[in-house]
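Q: In case you want the letters, here they are:
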Amino acid sequence: MYPVPMLQVDHVSRNYNVAGSPEKFCVFENVSLKVDEGEFVTVVGHSGCGKSTLLNIIAGIDKSDTGCVLLRGKAVQGPGIDRMVVFQNFALMPWLTVYQNVRLSVEAAFPDWTEKQLDGHTRRYLEMVSLKGAENKRPAALSGGMRQRCGLARAFAANPPVMLLDEPFAQIDALTRGVIQDELIRMWNETRVTIFMVTHDVDEAILLSDRIILMSPGPGAVIAGTVDIPIERPRSRQSIIEDRRYYALRNDIIRFLENRQVEKTA
Amino acid sequence: MTFKTAFLSLAIGCFLLLCWKGIAAHSEIPGPLDVLATAVEFLRDPLYDAGPNDKGIGILTAYSMARLLSGFTAASVCAVFFGVILGRNAVLFNAVNPYIQVLRAISPIAWMPLLLYTVKDSGITAFLVVFMASIWPTLANTAFGVANIRKDYLNVAEILQMGYWKKLFQVILPAAGPTIVAGLKISMGSAWVSIIPAEAMLGSLGLGYFVWNEWNNLSLTSVIFAIFTIGAVGVVIDAMFTRLSRRLSYTD
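Protein sequence lines correspond, in order, to chains E and X.
For the first sequence, this note's numbering gives the first residue as 5, with consecutive numbering after it.
For the second sequence, this note's numbering gives the first residue as 128, with consecutive numbering after it.
Excised from the complex, chain X in its bound form (with noise of 0.2 Å):
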């Protein structure tokens, strides 16, 4: 980043912090140094567990992402398998097409209360909540990415008569790979927006209960300090899979 975007950056960050102080000095919503002085509160002693609903926001955190990475890292597993299969069959890619485009388009919270009437336990249902936000743009990318995969590489492949699974991975998925990251890091952003209502309709424990759980509190300081969290959590993950994607890029 240059002196000049930092500034600017800067300058914009201070507006918007300016814009709140504004509009809180004109209604109830709590201004930034209130928040401020709450979060300091909360970040005091993030771990600590005071019964089953009452826990410190990095315990919360962690309930969060602990759904977040099994509901992902399934999905993911899956959207890989059969991204692949897809990618390697027009026919079939064809004809599946039109059901993915469908199921994309539907929120993954839509299918919560059949889910719920379904397995009836809200863990699972929040499980699936995630699987189901996260399968599709790595299953889309995964399929885009391997049909597009050059055929010089897999007439390589062909020549040195590799097996199928060295081929799958020593070539086909590190051809692939970066479309494949980033249909994952779509998935990542999906599955953690769509984590935190889950969580709130659920009350299962996480940020998005936190954050319904403090709104019923009336404690609107505490909500915004989640909002925070919840943004701040998903800047970090985010740049972890950026720094990922940067590992497995190449140029031709």
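Looking at chain E on its own, in the form it has when it is part of the complex (with noise of 0.2 Å):
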């Protein structure tokens, strides 16, 4: 028997209404990608490709048009807890504190826990993103950088089986963007949670993932390739551009990318 993989997306093709006509723009179309448990998976693509529709849609918040998005084998039926999003834009709640926003999910996870067990877990996943001492305040008052903190602190602290990155960095400035990628890092390799993450910063997805997966470009795109990343762990930015291989890789990527859009535009 085959071991039913953490999260498969299964033949999901996603649609637009064009205003005023009866036909349809097509974002992307038979996506079928499977992520198998404690993996780490990006999907890079060009902006417009429909990589966050996709990831929308097996987070629940859209629909697809066809096909369906299984975990662990079974259909998904809209949003869960089971597969904690992180934003682009943070989407923290602006009238809680940090403490109350990772509070907020870890009462939705842990429904029948005491106050003491909340009050604990949520400080433990403060601490791990090192927002200690900004517990109290609102995230207007915070950086690009600690909001995202926040965000995967409440993303971690639910302890899900599946997460969700949508291009978790891409409002971050670069310098804070390398701490919190090895922030990510070190959380993920202490619970190995299985992270699907969609990006178009092909750097970023070598360092985190796995395997990566090449979406072309859109209308019409398609899961154009897959590239296994062989680079050992634990990585670091430092470690992986001391890699041989990670030029090669890097630039098989980006040509790949870039011939599509060549392809694409003649």
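Each hint should be verified, as a subset may be incorrect.
Stated by the list, open to error - One-sided and incomplete, this derived list gives chain X residues near chain E with beta-carbon spacing under 10 Å:
1) 282
2) 285
3) 304
4) 379
Unchecked claim - Some residues of chain X that are not near chain E, with every Cβ distance over 10 Å (derived):
5) 141
6) 172
7) 283
8) 287
9) 292
10) 358
11) 362
12) 371
13) 375
What the hints contain is simulated information worked out from the structure, not anything from laboratory work.
Note that the Cβ used here is the ideal one computed from N, Cα and C, for glycine as well.
Both chains are given apart, each in its own frame, so use the hints to dock them into the complex.
A: If you want it as structure tokens, here you go:
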């Protein structure tokens, strides 16, 4: 018997209605992929290829037109705490403090816990993302990097089987980005949660992923290839650029993305 | 407030007082000093109670406030309740909106004869006038605020699989909170504006009744004092809502 993959996307397509026309605009079609338990898989593609839409469909906050999403072999219906999302724009509740934002997801994930357990768990994850001392600040008082740390803490603290990362570092300045990527690697090493990420940053994808899925540009995007990242873990930003396979991988992926773009525009 | 603004504000106040004094000197209207003397008289014993027609200004204010708060609270609960429903349902909102626009354009005082005829009780009529005055701004603002909550917050609520009530109290109401409070503030203002003529016409004990009664007594100093009292209470109420809205406000 085959082991059931943690996450499976099965022939998913997404169309948008075109205003004032019976024709449909196809974002992507027949996307199928599998993510095994404990795997870190990243979809890389140009903006507009629908990778964020695909992530939203997996999260259940968007609907597919065909196909289905399976979690441990069971079709998912709508959003759920078993697929926590880390949003590009953080999506923290601005009227809550950092502590309350993380606590909200802890309460949702562990409804039977006592106050003491909830509090301890919340604080542990805040500490993990170096937000100790900022618990009582509101997100508006924090930098982008700090906000995304809070977003990561909120997602990890719910101990979901799958985490969905939607360009989580796109709105963070380059220097902070590296630090938080390292923190993400560390947290992922500790938890080995299954992660599905989308990004357009090839370096980020190589640094973090076990496997990179390449999406062709939209409209009508499809999965165009898969690249395994053989670089041993633990990885760091420093160690991967010293790895001789790094540039070959990076060039391959970038060449692929650029060629596809040229084909489309030609 | 900077020193400059304070100075300018004070100067404008003095100018207005001088204008008043000028008009008073050439007419029957009592001047500032006469009114001040009356005010001191009234405020010396604001809580005296010498029978149903002769009560201190503090007691009259309390009557008006009680009427205001009961009508306003009832209206606000209804407005927020229906506002959330309308805000969550665009079709329903668009269907109901024209009627809200018509109803909110009607002065609540215009309802009074009809209300009096229907309920045959001046106390309930006054309550309903305040209710009608204060329901529409909060209803419209709640619906607008709820309809425009950022999709992200609702998505997070869905992902966390919050139940209806948890989602309502932990996401929808706080997210729409500033807009709702802005509506409550407008509602309170319009309720306070409408309660004065309502009390005057209905003869229910309160500041509006006081104004009209003093007019019937041909005591213009008292009328002017009452006008200032009404203004002062209005400002205090408004300041309370400003504080509340500051507490509930957030920046993205």
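Q: Would you mind marking each hint as holding or not holding in the structure?
A: Hint by hint, here is what the structure shows:
1. 282: holds (5 Å)
2. 285: It holds, given that the least Cβ distance between residue 285/X and chain E is near 4 Å, below 10 Å.
3. 304: Cβ of residue 304/X sits 7 Å from chain E, so the hint holds.
4. 379: holds (5 Å)
5. 141: holds (42 Å)
6. 172: Its Cβ never comes within 10 Å of chain E, the nearest being 46 Å, so this holds.
7. 283: violated (6 Å)
8. 287: The assertion about residue 287/X is violated, with a minimum of 4 Å to chain E.
9. 292: Nearest chain E Cβ is 14 Å from residue 292/X, so the label holds.
10. 358: holds (34 Å)
11. 362: holds (28 Å)
12. 371: Per Cβ check, residue 371/X is outside 10 Å of chain E; nearest 14 Å; holds.
13. 375: The claim breaks: residue 375/X does not keep its Cβ more than 10 Å from every Cβ of chain E (closest is about 7 Å).
In summary, the numbered hints that this structure violates are 7, 8, 13.
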